[in-house]
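Trainee: Using the working numbering, the letters of the sequence shown correspond one by one to residues 1061 to 1208.
Watch out, some of these pointers could steer you wrong.
To be verified - Ranges between beta-carbon positions, derived for each pair:
no., residue 1, residue 2, range
1, Tyr1151, Arg1171, 27 to 33 Å
2, Ser1193, Arg1139, 24 to 30 Å
3, Pro1163, Gly1114, 30 to 36 Å
4, Ala1174, Gly1114, 23 to 29 Å
5, Arg1158, Pro1203, 36 to 42 Å
6, Pro1141, Ser1167, 19 to 25 Å
7, Asn1204, Pro1145, 27 to 33 Å
None of these hints come from the bench; they were simulated from the model. By construction, the Cβ of each residue, glycine as well, lies at the ideal position given by its N, Cα and C atoms.
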Amino acid sequence: MHDVMMWSHSQNSVNIPNSENRALHQFRNMILCLMPHSWPLRDYIDYGCYCGLGGSGRPVDQLDRCCQVHDQCYTDAMRHPNCRPFWDNPYTKIYSYRCDRNPRRLSCLSRNNACQMFICECDRKAAECFARSPYNQQNNHLPNYKCH
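Assemble the whole structure, with the sequences as input and the hints as a guide.
Mentor: Right under this line is the structure:
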């Protein structure tokens, strides 16, 4: 299965249309916007105690804390008054954003409704947090017993 991604190029930026991406790939692409040489699905899918599915215990480092905050943001989105249960799930909700390449910067676009904007901001803040946090290879594939 191949994902087709449409990119509208303009000077030093990329506009990513919301109809062409799925939510997980949007978050991945936000990370790639700020860290173009990273491998988000490999690097963050099972990092520390909070990056990837689930989460418990104390975050092992700054990067893991980014994931904990992102998880909480998604929990808050599911309770947001403008987000409808099921339809506005942050794991599947599509939103509009812009990736500026020079300087590297993410922006959630004003055409988002209130729920889309909240979820977009969750992902934008997490991507920015990832970009400023060191990656410790020892915390990748951390055994569960270290997270209690």
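Trainee: Now tell me if each hint is right for this structure.
Mentor: Consistency of the hints with the structure:
1. Tyr1151 x Arg1171: 27 to 33 Å: violated, 21 Å
2. Ser1193 x Arg1139: 24 to 30 Å: holds, 26 Å
3. Pro1163 x Gly1114: 30 to 36 Å: holds, 35 Å
4. Ala1174 x Gly1114: 23 to 29 Å: holds, 28 Å
5. Arg1158 x Pro1203: 36 to 42 Å: Once the Cβ atoms are compared, 39 Å apart, the range 36 to 42 Å for proline 1203 and arginine 1158 holds.
6. Pro1141 x Ser1167: 19 to 25 Å: holds, 24 Å
7. Asn1204 x Pro1145: 27 to 33 Å: holds, 30 Å
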